[in-house]
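Colleague: Using the sequences and the hints, build the whole thing.
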Amino acid sequence: GAGVSQSPRYKVAKRGQDVALRCDPISGHVSLFWYQQALGQGPEFLTYFQNEAQLDKSGLPSDRFFAERPEGSVSTLKIQRTQKEDSAVYLCASSYSWRNAYEQYFGPGTRLTVT
Amino acid sequence: TQLLEQSPQFLSIQEGENLTVYCNSSSVFSSLQWYRQEPGEGPVLLVTVVTGGEVKKLKRLTFQFGDARKDSSLHITAAQPGDTGLYLCAGGNAGKSTFGDGTTLTVKP
Numbered sequence: 050g051a052g053v054s055q056s057p058r059y060k061v062a063k064r065g066q067d068v069a070l071r072c073d074p075i076s077g078h079v080s081l082f083w084y085q086q087a088l089g090q091g092p093e094f095l096t097y098f099q100n101e102a103q104l105d106k107s108g109l110p111s112d113r114f115f116a117e118r119p120e121g122s123v124s125t126l127k128i129q130r131t132q133k134e135d136s137a138v139y140l141c142a143s144s145y146s147w148r149n150a151y152e153q154y155f156g157p158g159t160r161l162t163v164t
Numbered sequence: 006t007q008l009l010e011q012s013p014q015f016l017s018i019q020e021g022e023n024l025t026v027y028c029n030s031s032s033v034f035s036s037l038q039w040y041r042q043e044p045g046e047g048p049v050l051l052v053t054v055v056t057g058g059e060v061k062k063l064k065r066l067t068f069q070f071g072d073a074r075k076d077s078s079l080h081i082t083a084a085q086p087g088d089t090g091l092y093l094c095a096g097g098n099a100g101k102s103t104f105g106d107g108t109t110l111t112v113k114p
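Line by line, the protein sequences are chains Y and H. Take the first sequence: its position 32, counted from the start at 1, is 81 in the numbering used here, and no numbers get skipped. Take the second sequence: its position 97, counted from the start at 1, is 102 in the numbering used here, and no numbers get skipped.
Be aware that one or more of the hints could be misleading.
Partial selection, computed: residues in chain H whose CB lies under 10 Å from chain Y [stated by the list, open to error]:
no. : residue
1   : E20
2   : Y40
3   : E46
4   : G97
Bear in mind the hints are in silico, worked out from the structure with no lab data behind them. Glycine included, every Cβ here is placed at the ideal spot set by N, Cα and C.
Modeller: Listed below in structure tokens is the structure:
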């Protein structure tokens, strides 16, 4: 079956623009996670959904970051008024259930460059 | 804040050598995962360890979870160039995974 897909794979935005990053999790996976990965570092937690409920958004860096998963499947991470420090790879991951929430299947990521 | 420290940060070895990389924390985790990440790709899950003292083997890879569930190690026997990549450990608690910054392994033919 298909894995986690993310689009676009690459995004260049001018500072101040809004961007929307999409994640299609593995079909039937209940949990969905967003991470930010800076060059040379491990992924950093941003937010977590169980079905359509956003259970934890403690990792979102500022109120410019917003995530949603309205129907409990596809998720979108939106960044408003992008800044240079937002440049990073944004990774989406899904897991089968809350019991196995830590066993995550990752997409290839979206590389965001803010100029 | 739960932190995971991985060492060494970089490791370059010849094909056929053995190696061990480490993942340490002052926090207790309910489970710990090891992932491998290649350039331009997302991390790929290798193993989950749950019980203190647990040892899991995956072909030439041996994973160990510390007795206190605060640390872990990954040992690779007879490394091959295909083992090259970034090895990440992640600790799970309260629905959230905390990742270390990884060990970048290069295996030269």
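Colleague: Going through the numbered hints above, which ones does this structure break? Give me the numbers in ascending order.
Modeller: Result: hint 1 breaks, nothing else.
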